[in-house]
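J.: The residues making up each chain are set out below.
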Amino acid sequence: MKHAVMRKLLLLICFIAAGLLAGCSGHKSYVVLLPVDGKVSGEVVVSNARGSQVLNQSWQATEISGTGMAPAKPVVQDKTAVQDMVGSALIAMPPPPVHFILYFETNRAKLTRESRRMLPEILKAVKERHPAELSVVGHTDTVGSPKSNYQLGLLRANTVTAQLSLLGAKPALVEIDSHGESNLLIKTPDNTPELRNRRIEVTIR
Amino acid sequence: MRSLFFMVCILLVVASAAQSETDCQPIGIVKVASGGANILREGRRVAAQPGKQLFQGDVLTTGADGKLGVILRDDTMLSLGPSSETCLEQFAFKPAEKKLGMILRFARGTISYLSGKIAKLAPGSVRLETPVATLGVRGTYFAVRVEP
Chain A
3 MKHAVMRKLL LLICFIAAGL LAGCSGHKSY VVLLPVDGKV SGEVVVSNAR
53 GSQVLNQSWQ ATEISGTGMA PAKPVVQDKT AVQDMVGSAL IAMPPPPVHF
103 ILYFETNRAK LTRESRRMLP EILKAVKERH PAELSVVGHT DTVGSPKSNY
153 QLGLLRANTV TAQLSLLGAK PALVEIDSHG ESNLLIKTPD NTPELRNRRI
203 EVTIR
Chain B
18 MRSLFFMVCI LLVVASAAQS ETDCQPIGIV KVASGGANIL REGRRVAAQP
68 GKQLFQGDVL TTGADGKLGV ILRDDTMLSL GPSSETCLEQ FAFKPAEKKL
118 GMILRFARGT ISYLSGKIAK LAPGSVRLET PVATLGVRGT YFAVRVEP
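Keeping their order, the protein sequence lines are chains A and B.
Following our numbering, the numbering of the first sequence begins with 3 at its first residue and continues without gaps.
Following our numbering, the numbering of the second sequence begins with 18 at its first residue and continues without gaps.
I should point out that these hints are in silico values taken from the structure, not numbers from a laboratory.
A few of these clues could be false.
To be verified - Straight-line C-alpha distance at most 25 Å; calculated SDA-like pairs for lysine to any residue: (1) A:Lys126 with A:Tyr105; (2) B:Lys111 with A:Lys41; (3) A:Lys172 with A:Arg118; (4) A:Lys30 with B:Lys111; (5) A:Lys41 with B:Arg155; (6) B:Lys111 with B:Arg122; (7) B:Lys137 with A:Gly44.
Could you put the whole structure together from the sequences, leaning on the hints where they help?
T.: Structural data, given as structure tokens:
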């Protein structure tokens, strides 16, 4: 009689120990690949010490049932199932950032006429995304020294930021930087005038 | 000799000041916040309102009725549903100096992630962790759910 109780107890302890070792005790996780503009957005490799699975189709998902468990074979789900699992996060996604590229006259911080015409559109984007972060990165072509081009890039970024502010842009945050001639849009040899490299890249987040 | 030592000291001080300056640079901005949405920063809790700056090491958290959406400086977008937590453990985005890297920890709840420029320029430098798996990315837009 006593032995039977002991044996049951031992069995119970074994079960608990096995459960702990297998570690299905928590952090059950789910990962799903989502489309961007109706197209596959890329690839996610879900891996841990027990195994690895690749998600490379839209709405494809894998589950890991707990610590120490391998990711399960991926399954393509319907949108409703995905919505049930992660919809509460998806609705909190902010509108995506917008980008503009503006071009300059040679060796100056003066915008080309076409680029100047884009300022109202940038202004509108800053207003729509209020409170927005405005990021302006200045670039130059390869005419002149890297050092003076860094300064020219900075001058270009600062000048346009000031112009936007005069037009009434009130971004919550401003980030200004210069890459000088180190980040060419069109690869050229040194000392080559190139309109498409004389630019600022504006991002509104 | 003594002046040389002095010079080296000054250089070290300037270098460390420059270092801490880069660490203090903002890495993103809060765009969407409602219900209970907070940033845990150096042991303090800051309300996450739209327009609030984010820094390396910040932990984003939401309460039972909260949601939170942010954009990082490389255009990475993150959103958290209710009762969620994500740590912005490391973030470096200086393409001109080839300094790129990001470590995010999705600790609990529902989180969606849309990759930005770091993942495009140096996919290997992006590390995304959940408590039970590592997520390697090429692209991409995905969502996770981590139960407690």
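J.: Confirm or reject each hint.
T.: Now for the hints, and whether the structure bears them out:
no.	hint	in the structure
1	A:Lys126 with A:Tyr105	holds, 19 Å
2	B:Lys111 with A:Lys41	violated, 29 Å
3	A:Lys172 with A:Arg118	holds, 19 Å
4	A:Lys30 with B:Lys111	violated, 36 Å
5	A:Lys41 with B:Arg155	holds, 14 Å
6	B:Lys111 with B:Arg122	holds, 21 Å
7	B:Lys137 with A:Gly44	holds, 11 Å
In the structure shown, a violation is registered for the earlier hints numbered 2 and 4, in ascending order.
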